[in-house]
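My request is simple: use the sequences and hints to build the entire structure.
Protein chains: 4
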Amino acid sequence: MTGNVLGERFVVMSFGESHGACVGALIDGCPAGLPISVEDIQRQLDLRRPGQSLVTTQRRERDEVEILTGVFNGYTTGAPILMITRNKDVDSTSYLKLRDTPRPSHADFFAHVKYGGFNDWRGGGRFSGRVTVTYTMAGALALKLLNVYLGIDVIAYTKQIGELKVTRELDIEEIKNNRYSNEVRCPDPQLAEQMRDLVIKTRGKGDSLGGIVECIVINVPLGLGEPVFSSLDGDIAKAVFAIPAVRGVEFGAGFSAATMLGSEHNDPLGYIDGKILPVTNKAGGIVGGLSTGANIVLRVAFKPPASIAKPQRTLNTSTMREEDVVVTGRHDPTVVPRAVPVVESIVAIVLADHAIRGGFIPPVIKVR
Amino acid sequence: MTGNVLGERFVVMSFGESHGACVGALIDGCPAGLPISVEDIQRQLDLRRPGQSLVTTQRRERDEVEILTGVFNGYTTGAPILMITRNKDVDSTSYLKLRDTPRPSHADFFAHVKYGGFNDWRGGGRFSGRVTVTYTMAGALALKLLNVYLGIDVIAYTKQIGELKVTRELDIEEIKNNRYSNEVRCPDPQLAEQMRDLVIKTRGKGDSLGGIVECIVINVPLGLGEPVFSSLDGDIAKAVFAIPAVRGVEFGAGFSAATMLGSEHNDPLGYIDGKILPVTNKAGGIVGGLSTGANIVLRVAFKPPASIAKPQRTLNTSTMREEDVVVTGRHDPTVVPRAVPVVESIVAIVLADHAIRGGFIPPVIKVR
Amino acid sequence: MTGNVLGERFVVMSFGESHGACVGALIDGCPAGLPISVEDIQRQLDLRRPGQSLVTTQRRERDEVEILTGVFNGYTTGAPILMITRNKDVDSTSYLKLRDTPRPSHADFFAHVKYGGFNDWRGGGRFSGRVTVTYTMAGALALKLLNVYLGIDVIAYTKQIGELKVTRELDIEEIKNNRYSNEVRCPDPQLAEQMRDLVIKTRGKGDSLGGIVECIVINVPLGLGEPVFSSLDGDIAKAVFAIPAVRGVEFGAGFSAATMLGSEHNDPLGYIDGKILPVTNKAGGIVGGLSTGANIVLRVAFKPPASIAKPQRTLNTSTMREEDVVVTGRHDPTVVPRAVPVVESIVAIVLADHAIRGGFIPPVIKVR
Amino acid sequence: MTGNVLGERFVVMSFGESHGACVGALIDGCPAGLPISVEDIQRQLDLRRPGQSLVTTQRRERDEVEILTGVFNGYTTGAPILMITRNKDVDSTSYLKLRDTPRPSHADFFAHVKYGGFNDWRGGGRFSGRVTVTYTMAGALALKLLNVYLGIDVIAYTKQIGELKVTRELDIEEIKNNRYSNEVRCPDPQLAEQMRDLVIKTRGKGDSLGGIVECIVINVPLGLGEPVFSSLDGDIAKAVFAIPAVRGVEFGAGFSAATMLGSEHNDPLGYIDGKILPVTNKAGGIVGGLSTGANIVLRVAFKPPASIAKPQRTLNTSTMREEDVVVTGRHDPTVVPRAVPVVESIVAIVLADHAIRGGFIPPVIKVR
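Chains as they are written, first to last, in my numbering: chain A, 1 to 368; chain B, 1 to 368; chain C, 1 to 368; chain D, 1 to 368.
Calculated from the structure, these hints are not laboratory results.
Quick caveat, the model's predicted, so the values are computed rather than measured.
Positions of the beta carbon are idealized from the N, C-alpha and C atoms, including for glycine.
Hints are all accurate, no fakes.
Some chain C residues judged to face chain A by a derived CB distance under 10 Å, without partners named: (1) Leu34; (2) Ala111; (3) Tyr115.
Sample of chain B residues lacking proximity to chain C, with all beta carbon distances greater than 10 Å (derived): (4) Cys22; (5) Asp40; (6) Lys88; (7) His112; (8) Gly117; (9) Val148; (10) Glu169; (11) Asn182; (12) Arg203; (13) Val279; (14) Asn295; (15) Met320; (16) Thr328.
Here it is, written out as structure tokens:
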């Protein structure tokens with residue numbers, strides 16, 4: 001299979017360029033009978049929409065989804081679902097001059113070489129953060145499917161921006177209810193305020209910030225995952241790396257497990273509310289590549305965006321001389337807040353795929 | 001595709017159980033014309049073989065590979081290559097009593113539920129670290145292919161065990177030459193000695209240790225990877241999670257990128273030895289899902305093994321009462337040293353697959 | 001992978017319903033650098049367009065293709081290519097009454113059961129001949145790729161309609177030049193005239209006709225195909241069955257090989273124009289699943305269309321009583337003439353995929 | 001995916017060469033809980049075993065299957081199932097001299113070119129009829145699964161050898177009971193006798209015969225198949241072409257549908273034994289790529305084997321001069337009788353895959 005296709009049974013194909021006619025997703029394998037509306041998709045899409053606040057790019061896109069096929073009378077039909085979002089606020093002028101002086105740490109130059117110079121470089125083309133619109137549309141469908149049929153919720157939030165980090169234990173309800181209540185998508189209101197200030201200050205200096213998104217999935221049945229190679233954690237990790245700027249992913253105790261003893265890290269089983277479940281959750285809900293029934297917990301590390309206003313040294317690939325480049329255009333000072341719904345979406349896509357593969361969701365669903 | 005199959009054009013299928021007749025790998029898509037011998041495979045396999053020192057399990061397996069198909073007159077033929085390793089030192093008695101009192105944090109119970117009780121539970125079955133033999137065999141083939149045709153080397157080593165961590169900058173030649181010169185696979189001899197002591201001491205206490213393996217790939221051409229979903233980092237991450245006990249993976253600056261500014265993290269391009277390359281390598285050799293031509297650098301976090309001698313509280317899944325379990329049998333006090341060649345192998349498999357997908361290796365190779 | 005996806009490296013995803021907003025194709029894996037225009041696609045699409053003559057359905061669709069992504073400055077970029085054709089002349093009224101009295105031999109009822117009643121039944125939905133628009137768009141791209149880079153031509157024509165059959169030997173140039181010079185797409189003008197009369201007469205009786213399309217591919221390099229399961233003949237056969245109304249496919253001597261002796265059927269090798277080639281071609285250009293360098297020759301049998309004006313006995317699936325059904329709506333009296341460009345298209349898709357898989361076409365092409 | 005892998009959820013990988021150590025199949029995705037024994041596999045394998053009579057090759061292979069992984073305590077575990085059959089009666093001497101004078105119509109030369117001369121040419125290597133052992137082993141597993149869980153039977157028989165053809169209507173019970181009661185696998189005893197004589201006479205003349213195998217599948221539920229590209233007929237056709245010597249495949253009325261009128265060909269629905277089913281079955285049990293609930297009926301055309309004793313003209317590919325070749329070694333005078341169980345097996349593999357894909361068989365089965 002080729003690179004723009006994800007999944008085995010709930011299959012998402014991403015297409016479209018940042019400054020082309022549209023971006024979109026084609027989904028094959030969504031069970032028939034799922035009630036779905038434009039609003040279901042639009043709601044998630046609105047959460048990642050740019051131009052909403054000072055902490056995001058000023059590119060203004062209304063990002064209105066059109067569902068063109070695969071839905072009939074308000075239900076999925078079992079046929080491929082085509083969703084597109086037209087690009088409207090496109091301005092490619094600032095990219096033209098970047099052709100010879102590639103932005104440091106951006107894919108521009110590497111894509112140019114790989115595709116023999118034929119790639120659509122405008123706005124970064126397929127290497128723009130704008131491709132996450134396509135994940136979000138498909139993810140909104142997956143979220144609906146998981147929620148309606150299995151009661152699963154996928155809940156991400158901003159755990160860290162720069163050095164500012166959520167350190168106190170957050171309640172899952174608190175996260176669920178508050179995560180989208182502020183621009184930075186941090187459920188802790190005080191910290192959110194500080195993060196906002198940090199982002200605005202950093203943008204003012206022509207610089208950018210990294211951070212961490214945590215994602216929690218609740219009500220996952222035991223047994224999702226197809227080890228050894230299509231482990232649930234592996235497939236989530238793979239999908240997460242499709243989001244630009246991701247540099248790492250960890251589950252449960254994650255990298256901190258490296259310094260733990262087995263006796264500290266092990267999660268004993270217990271009998272909780274009539275179910276056998278791990279009593280603690282250092283594993284982050286996945287053991288041996290299988291979901292355990294405990295919440296899935298993962299964290300995704302985002303690097304600071306490459307496009308910064310500050311002058312940077314780079315190579316002029318025509319003259320082979322070093323020179324300064326100043327990236328203009330409209331860019332996010334940090335991708336973390338807008339990545340929150342994207343992480344939710346991409347995780348949902350993987351879970352929907354595995355839920356179907358594992359027989360947890362049948363080919364036709366009947367919803368009351 | 002099903003869960004025991006990895007890759008698109010260099011395809012590896014893993015099979016076999018810990019205490020069954022054999023473990024093995026079937027590889028389809030290996031180019032014809034690659035010179036390969038049993039020794040090429042055995043060499044890598046010997047590096048992960050158990051029973052070699054005090055820091056590993058005492059299960060004694062000679063792990064002799066047999067190549068049954070796909071190789072003729074010392075060269076690959078283009079047909080599927082079947083490699084098996086017979087299980088010899090098998091003792092399932094200690095596992096029988098674990099059936100009702102599952103080891104905390106081991107997949108035993110979750111596999112039992114998923115497969116309706118039909119899974120081969122002896123020695124952990126498919127969820128044993130023994131499945132990494134299958135990755136290693138296939139990986140040895142991939143390593144040979146990458147090395148012979150593209151000059152690529154995949155070099156992993158123990159970066160951290162417990163709190164003991166390589167902090168000084170290591171030279172790549174130093175790593176390459178020294179990593180297998182001691183039992184813990186750490187290229188720093190002093191630290192290696194301390195790590196060895198820590199492992200033996202921890203095993204003595206009936207406990208186990210986590211750690212971190214770093215993997216560096218040199219001589220990678222620019223342009224491996226098929227974004228957006230089959231990104232090079234994503235596919236490596238997915239494959240790495242097939243190794244039992246992995247809890248996280250990061251590239252380049254990894255999680256530390258979360259606290260960096262864009263101006264600190266960005267890698268400017270330069271003109272080095274006649275090639276356009278990033279001057280620094282915070283990205284870890286992959287940008288936008290594409291290899292940049294710089295070394296690929298990744299780190300894999302391993303949790304401490306679940307099987308420890310210390311008594312642990314767990315649930316008796318028959319009586320639904322809590323009780324103590326003492327895991328006997330032969331287990332690694334830390335998987336990190338033996339994971340080093342396994343990480344190399346699994347990374348090589350992914351790179352071989354992408355090298356073929358990207359046209360860097362043709363269907364038939366002629367080697368001088 | 002799911003059912004609406006075809007291919008491994010040149011991947012086509014078909015979507016859209018007969019009476020929905022559009023039908024379309026998304027192609028992933030097309031090499032970068034292929035010059036492509038709307039006209040390249042439209043030309044092939046016009047060949048299958050309905051409403052052009054008395055021998056086809058009277059549904060009038062202009063079938064104008066839109067290329068929305070993946071093409072930039074007149075060249076493919078290596079990114080997914082989205083092509084859609086909007087449905088315009090849609091009239092679903094006649095289908096409503098078919099819901100309880102399914103057309104004999106049409107997929108309506110079986111699709112209804114499979115998709116739990118959620119399928120878009122208007123105009124047959126995904127089971128309409130209209131889905132072949134999607135193959136034709138993708139196929140036009142494949143044809144261009146094969147032609148530009150390898151000089152391959154895919155040439156189909158009407159070999160038989162009802163009892164009227166091309167029996168004399170046709171020259172390949174004759175077929176190439178004349179096949180689209182008449183409505184029935186038969187390169188023999190006299191026979192074409194008779195076929196036309198037969199179709200019109202049969203339609204007048206409220207009945208329909210089957211037939212056979214022959215397809216010849218010239219300039220195929222030796223070695224396309226990936227035995228044993230992805231044999232070139234097998235993959236072509238699979239793809240051909242995606243065309244509604246296909247009942248059989250054969251290569252070279254085909255079913256007549258059943259009555260031949262080995263000494264009659266065998267194709268000896270010879271040295272022709274500096275190339276080693278089969279001297280005869282009973283094999284139809286494929287041996288052991290591999291292209292031989294000789295022309296690929298296949299024939300596809302089409303059943304008569306299910307939708308006929310004549311009253312037919314069927315079951316009322318509500319009352320479980322038999323009753324007569326009269327299918328109104330606009331239907332082809334035979335699909336054969338319009339199937340000619342569709343067979344070319346679908347064969348081209350498979351060849352393009354295998355040409356890429358076999359390394360005959362690289363990821364980036366440079367065309368003078 | 002690569003060429004030696006078939007299926008999506010019941011995945012079969014074929015490996016091994018005619019004169020190598022073994023041939024075998026690795027099956028991933030077989031549901032856990034299926035009772036399976038060596039005898040279940042051996043029974044089907046014995047039906048295709050060579051050396052049993054005058055109508056087959058005299059190569060004597062006992063073809064004893066070994067099941068090495070994936071089965072535990074008599075049940076499938078959900079893990080990959082490795083089955084191998086060792087090659088014993090191997091004599092490669094006669095193939096050595098064929099290297100320069102390739103057998104007309106055999107894959108030897110084309111494989112040599114494709115694999116750069118690295119292919120294992122002994123006994124035809126991967127292009128020998130011996131690869132059908134691998135389909136038969138995997139097919140026996142599929143047959144058991146289909147039979148035990150869905151009551152499906154797959155029943156093939158010799159319909160035609162040379163000009164000798166079953167013309168009278170055969171009862172399905174008659175076919176089921178008698179097909180393996182004679183060497184030629186024709187359920188009509190008189191015709192079987194004539195066929196046997198014809199084969200022996202033709203072999204005596206140093207020649208070979210083609211023929212047709214018909215395959216009938218009973219008790220198929222409605223709705224198998226994933227249109228448009230993974231249609232049930234398309235996937236069966238593809239798989240059937242993996243059998244060497246196949247030249248065509250047709251379903252139901254097949255090529256004869258080309259001369260039928262719609263009113264003759266259409267199958268009206270009726271209400272039969274409490275089920276809505278087609279009253280006639282010109283469609284051969286598949287409409288729109290979906291099983292209809294009627295019996296699946298297909299016919300497969302086999303060409304006469306290429307290897308005949310009679311001297312044949314061919315090219316010496318070293319000297320580029322024509323010369324005579326006499327194929328010695330041990331070959332079948334017709335593949336039809338031994339193809340009967342192979343066709344059953346390969347059809348069963350496809351049906352098992354689609355039964356799982358369609359949710360007709362769950363990931364874990366409980367059999368009384």
